[in-house]
Amino acid sequence: MTILWLLFGLGDSAAALDLAVIVHPSVKQSEIRRNTLRAIFGMRMRVWSDDTPIKVFVLPDGDANHAHFCKDVLQVFPHQLRRAWDRGVYSGTGQAPTQVASEAELVALVSETPGAIGYSMRSSIDDQVDELPLQ
Amino acid sequence: MIKWTSCPSSNASRNRGAMLIALLLLLPESRVSADQGIWDTAQVHGFISQSWLKSGENNFFGNSSRSGGSWEFSEFGLNGSIRPIANVQLSGQVIGRRAGESDPGSVGLDYAFADWNMLSTETGFFGTRFGRVKIPLAFYNDTRDVAFTRPSILLPQSIYFDAARALALSSDGVQFYGEARSEDSTLTLQTNIGYPRVEDEELEIAIHGREVPGTMDSQLSFLARGIYDYLGGQWRFGATYGNVHAKYEAKPTDILPSVGDFRFKPLVLSGQFNGERVGITAEYALRRTELEDFMIGGIDLGLPPVEFTGVSYYIQGTYRFSPQVEGLLRYDVLHIDRKNRHGGCLLETNLGFPDHACYAKDWTFGLTWNVTPKVMLRGEYHMVNGTGWLTRKDNPRPTETEKNWNLFAIEASFRF
Numbered sequence: 205m206t207i208l209w210l211l212f213g214l215g216d217s218a219a220a221l222d223l224a225v226i227v228h229p230s231v232k233q234s235e236i237r238r239n240t241l242r243a244i245f246g247m248r249m250r251v252w253s254d255d256t257p258i259k260v261f262v263l264p265d266g267d268a269n270h271a272h273f274c275k276d277v278l279q280v281f282p283h284q285l286r287r288a289w290d291r292g293v294y295s296g297t298g299q300a301p302t303q304v305a306s307e308a309e310l311v312a313l314v315s316e317t318p319g320a321i322g323y324s325m326r327s328s329i330d331d332q333v334d335e336l337p338l339q
Numbered sequence: 028m029i030k031w032t033s034c035p036s037s038n039a040s041r042n043r044g045a046m047l048i049a050l051l052l053l054l055p056e057s058r059v060s061a062d063q064g065i066w067d068t069a070q071v072h073g074f075i076s077q078s079w080l081k082s083g084e085n086n087f088f089g090n091s092s093r094s095g096g097s098w099e100f101s102e103f104g105l106n107g108s109i110r111p112i113a114n115v116q117l118s119g120q121v122i123g124r125r126a127g128e129s130d131p132g133s134v135g136l137d138y139a140f141a142d143w144n145m146l147s148t149e150t151g152f153f154g155t156r157f158g159r160v161k162i163p164l165a166f167y168n169d170t171r172d173v174a175f176t177r178p179s180i181l182l183p184q185s186i187y188f189d190a191a192r193a194l195a196l197s198s199d200g201v202q203f204y205g206e207a208r209s210e211d212s213t214l215t216l217q218t219n220i221g222y223p224r225v226e227d228e229e230l231e232i233a234i235h236g237r238e239v240p241g242t243m244d245s246q247l248s249f250l251a252r253g254i255y256d257y258l259g260g261q262w263r264f265g266a267t268y269g270n271v272h273a274k275y276e277a278k279p280t281d282i283l284p285s286v287g288d289f290r291f292k293p294l295v296l297s298g299q300f301n302g303e304r305v306g307i308t309a310e311y312a313l314r315r316t317e318l319e320d321f322m323i324g325g326i327d328l329g330l331p332p333v334e335f336t337g338v339s340y341y342i343q344g345t346y347r348f349s350p351q352v353e354g355l356l357r358y359d360v361l362h363i364d365r366k367n368r369h370g371g372c373l374l375e376t377n378l379g380f381p382d383h384a385c386y387a388k389d390w391t392f393g394l395t396w397n398v399t400p401k402v403m404l405r406g407e408y409h410m411v412n413g414t415g416w417l418t419r420k421d422n423p424r425p426t427e428t429e430k431n432w433n434l435f436a437i438e439a440s441f442r443f
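Residue numbers (the numbering used here), protein chains in the order written: chain G, 205 to 339; chain U, 28 to 443.
A portion of the hints provided could be inaccurate.
Stretch-level coverage of chain G by chain U, calculated; a stretch enters the list once three of its residues show a Cβ under 8 Å from a Cβ in chain U [unchecked claim]: (1) 239-253; (2) 274-286; (3) 308-315.
A few chain U positions that, by computed beta-carbon distances, are all more than 10 Å from chain G [claimed, not checked]: (4) Thr150; (5) Val160; (6) Lys161; (7) Tyr204; (8) Gln246; (9) Gly302; (10) Glu303; (11) Gly329; (12) Pro350; (13) Asn433.
Read the hints as simulated data drawn from the structure, not as lab findings.
Here the structure is a predicted model, which is why all the values come from computation and not from measurement.
Glycine residues also receive a C-beta, built at the ideal position from the N, C-alpha and C atoms.
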């Protein structure tokens with residue numbers, strides 16, 4: 205499996221420890237599978253298990269932490285995620301995530317929006333948001 | 028020149044679209060959840076693309092063989108979506124397009140539907156879309172008119188042929204969709220049941236060999252696609268099967284032979300690898316066509332049905348030199364009739380086309396530059412042997428077409 209990761213240039217999740225998935229405190233879930241996270245950030249899964257709408261916040265495509273999140277947490281490439289959003293937006297089957305300029309803004313928006321999900325460096329997380337660990 | 032693409036026979040489908048828009052505007056405010064306004068979920072996106080094409084001999088999308096080339100390939104789209112309640116999304120898109128003589132300028136409702144996500148769990152979801160829905164054929168068809176979602180200016184024409192493309196655009200009816208997820212695998216299924224759009228003169232020419240005075244009407248058709256996705260899209264494998272049905276109603280002035288009943292049954296197998304720099308995509312299609320009820324002036328000639336199966340495939344490699352710049356190399360093959368691969372197909376035997384109209388083999392070299400996330404520039408060069416996917420209206424005299432021909436194209440596209 206290690207060879208596979210090296211070959212495809214994807215990091216091991218151990219390298220992702222400095223980056224966390226964050227959610228609004230109203231989100232009841234205590235942990236999440238990686239493939240569910242891909243469905244959420246791929247904008248295919250729209251509601252939490254209690255039917256609260258999911259609101260996805262991301263940093264711009266070129267941002268280093270966005271690339272870090274894609275490669276090490278989701279284990280997909282940023283361009284794959286972009287392609288998935290475009291497929292949804294231009295066929296009407298999905299919507300685009302909300303893109304914000306900075307990590308501080310992203311954390312603030314996740315803390316203010318019920319059902320929100322995003323990601324952040326651990327050092328920027330405050331008690332206004334919850335961390336959602338991978339299962 | 029701009030016209031509405033709906034011909035008189037498809038007023039019904041236009042009305043269905045109008046009803047959906049009305050539904051979108053009239054949704055009662057009372058259904059809005061308390062803490063989030065309905066308009067907070069609204070999104071508007073769009074795109075506009077312009078191409079220039081220059082070919083050596085045959086024309087593609089306008090008079091591309093003349094010295095100044097052709098500017099007659101333009102596309103724009105505007106879409107909106109909104110989520111009035113958590114598991115319902117309303118979406119609509121209008122697309123304008125001009126593509127040489129075969130599409131001299133049209134604006135049409137590309138999709139407009141209500142999407143009800145009926146069940147959503149940690150391991151998957153299931154839902155239904157009602158209205159005009161895109162046809163989920165193979166990898167690229169759902170967003171075929173959006174340059175940013177294509178790998179090249181022209182999609183591989185063997186499968187995504189732009190001549191006679193109408194039946195592949197969208198259908199009025201329902202789509203059932205579902206997704207099942209496990210650790211690293213995702214299986215997605217979409218099934219359309221409805222009436223495909225048929226408004227297209229190129230389609231008439233493809234079926235009847237000429238423009239016809241009567242009207243083509245689509246019949247209840249179906250198409251289903253499954254995609255297996257491993258490691259978040261690193262590997263994708265798909266299969267599509269459809270049964271698309273259309274009928275022709277002749278007019279008394281219709282004095283030449285025409286086809287009363289048309290069925291198109293495509294089977295497409297798709298595979299893709301997406302690496303950090305390298306991408307490989309291959310698709311293979313068997314396209315069965317069944318023609319029945321041959322008539323003159325609406326009188327059935329009592330001739331036996333004609334059936335043939337075309338074969339199409341391509342393999343495409345892309346290489347990402349940087350996050351902004353991507354190169355493309357593709358080999359794309361079309362045979363109109365797999366039993367008469369290099370001549371002897373119906374086009375040649377019944378309609379007087381040269382033997383090279385029975386196939387096309389296209390080497391494509393392309394380069395894409397994503398100047399900014401919103402602006403894209405693209406160039407590509409095609410070396411083609413055969414004229415199987417040439418647009419007929421751009422080349423009115425088939426016997427004067429050249430067997431070996433080249434096409435160069437550049438495109439600029441903007442989106443928001």
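field: 10 Å Cβ clearance of Val160 of chain U from chain G
entry: Contrary to the label, Val160 of chain U does not stay out of reach of chain G, its closest Cβ about 8 Å off (not over 10 Å).
field: Given as non-interface: Asn433 of chain U, partner chain G, CB spacing beyond 10 Å
entry: Holds, because the least Cβ-Cβ distance between Asn433 of chain U and chain G comes to about 30 Å, which exceeds 10 Å.
- request: Determine whether the non-interface label on Pro350 of chain U survives the test: each CB of chain G must be over 10 Å from its CB.
  value: violated, 7 Å
message: When I compare C-beta atoms, does the segment 274-286 of chain G have three or more residues closer than 8 Å to chain U?
response: holds (count 7)
field: Given as non-interface: Glu303 of chain U, partner chain G, CB spacing beyond 10 Å
entry: violated, 4 Å
- request: Over 10 Å to the closest beta carbon of chain G is the bar; see if Tyr204 of chain U clears it.
  value: violated, 8 Å
query: How does the coverage statement for the segment 308-315 of chain G fare against chain U, requiring three or more residues with Cβ below 8 Å from a Cβ of that chain?
result: violated (count 0)
task: Measuring Cβ to Cβ, find out whether Lys161 of chain U lies farther than 10 Å from everything in chain G.
output: violated, 5 Å
message: According to the definition I'm using, a residue is off the interface if its beta carbon is farther than 10 Å from all beta carbons of the partner; does Gln246 of chain U meet that for chain G?
response: holds, 24 Å
Minimum Cβ-Cβ distance from Thr150 of chain U to chain G exceeds 10 Å: Since the minimum Cβ distance to chain G is about 8 Å, Thr150 of chain U lies within 10 Å and the statement is violated.
task: Hey, is Gly329 of chain U genuinely clear of chain G, shortest beta carbon separation above 10 Å?
output: The claim holds: Gly329 of chain U sits with its nearest Cβ about 43 Å from chain G, beyond 10 Å.
message: A cut-off of 10 Å on Cβ-Cβ distance, and Gly302 of chain U was said to be off the interface with chain G. Does that hold?
response: About 6 Å separates Gly302 of chain U from the closest Cβ of chain G, which leaves it inside 10 Å; violated.
Violated hints for the displayed structure, listed by number in ascending order: 3, 4, 5, 6, 7, 9, 10, 12.
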